[in-house]
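K.L.:
From just these sequences and the hints, can you work out the full model?
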Amino acid sequence: DAKTTQPNSMESNEEEPVHLPCNHSTISGTDYIHWYRQLPSQGPEYVIHGLTSNVNNRMASLAIAEDRKSSTLILHRATLRDAAVYYCILLDNAGGTSYGKLTFGQGTILTVHP
Amino acid sequence: DAGITQSPRYKITETGRQVTLMCHQTWSHSYMFWYRQDLGHGLRLIYYSAAADITDKGEVPDGYVVSRSKTENFPLTLESATRSQTSVYFCASKRSGTATSGNTIYFGEGSWLTVV
Chain A
1 DAKTTQPNSM ESNEEEPVHL PCNHSTISGT DYIHWYRQLP SQGPEYVIHG LTSNVNNRMA
61 SLAIAEDRKS STLILHRATL RDAAVYYCIL LDNAGGTSYG KLTFGQGTIL TVHP
Chain B
1001 DAGITQSPRY KITETGRQVT LMCHQTWSHS YMFWYRQDLG HGLRLIYYSA AADITDKGEV
1061 PDGYVVSRSK TENFPLTLES ATRSQTSVYF CASKRSGTAT SGNTIYFGEG SWLTVV
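Chains as they are written, first to last, in our numbering: chain A, 1 to 114; chain B, 1001 to 1116.
Since the hints were made in silico from the structure, they are not lab data. Glycine included, every Cβ here is placed at the ideal spot set by N, Cα and C. All the given hints hold, so there is nothing to weed out.
Have a look at the derived ranges for each label pair, beta carbon to beta carbon:
| id | chain 1 | residue 1 | chain 2 | residue 2 | range |
| --- | --- | --- | --- | --- | --- |
| 1 | A | 21 | B | 1070 | 39 to 47 angstroms |
| 2 | A | 9 | B | 1008 | 27 to 35 angstroms |
| 3 | B | 1044 | A | 5 | 14 to 22 angstroms |
| 4 | A | 111 | B | 1059 | 24 to 32 angstroms |
| 5 | B | 1080 | A | 52 | 45 to 53 angstroms |
Sample of chain B residues at the chain A side, in silico, Cβ under 8 angstroms:
| id | residue |
| --- | --- |
| 6 | 1048 |
| 7 | 1104 |
| 8 | 1110 |
P.N.:
Structure representation (structure tokens):
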């Protein structure tokens, strides 16, 4: 499985934008870029995913580099509730019974200051 | 919308005992997964299932047994619990589908297991 590299931690102030980077230089053409986050004492939750084009949803935006070797999760206005561990994960679209397995790295611990 | 539920949420057991963690989802999702999360290791896949009666090993399957006789249930059994299996266990599910329509994986709230 292709690997991702994220900073161990980042800090932000409340109501400011946050840009969480992820490097995936060995990404394959069939890999989707997924972001999940894990709030304290909870299971991970889906944030956003994309393949080539930038994506927006109610939670965040995902900016994908043209060569797809890196991506950035953008939280437009961080709140205290956004403090969590953010995981950037590549999900192979090759199909088969292994389809959908997530391989988690260490993620980025986001601290939001009031 | 019940979603995906795990039970028990908290369990303390003794070394050598058999423990079963239950996972139930109400969406009829095809895929189900069991992960464990330990400090310093992040989330690691134990077992997964693509459909009823189809299961496969993940990254750390030793010491665990799974079954999937019904689509909605995916129990995880520790046949003889060891202290190294003290962890937080997360069940997850996902529907089948294309990458654009069926990618979201939904996690339960976790089962905290302590083996003493």
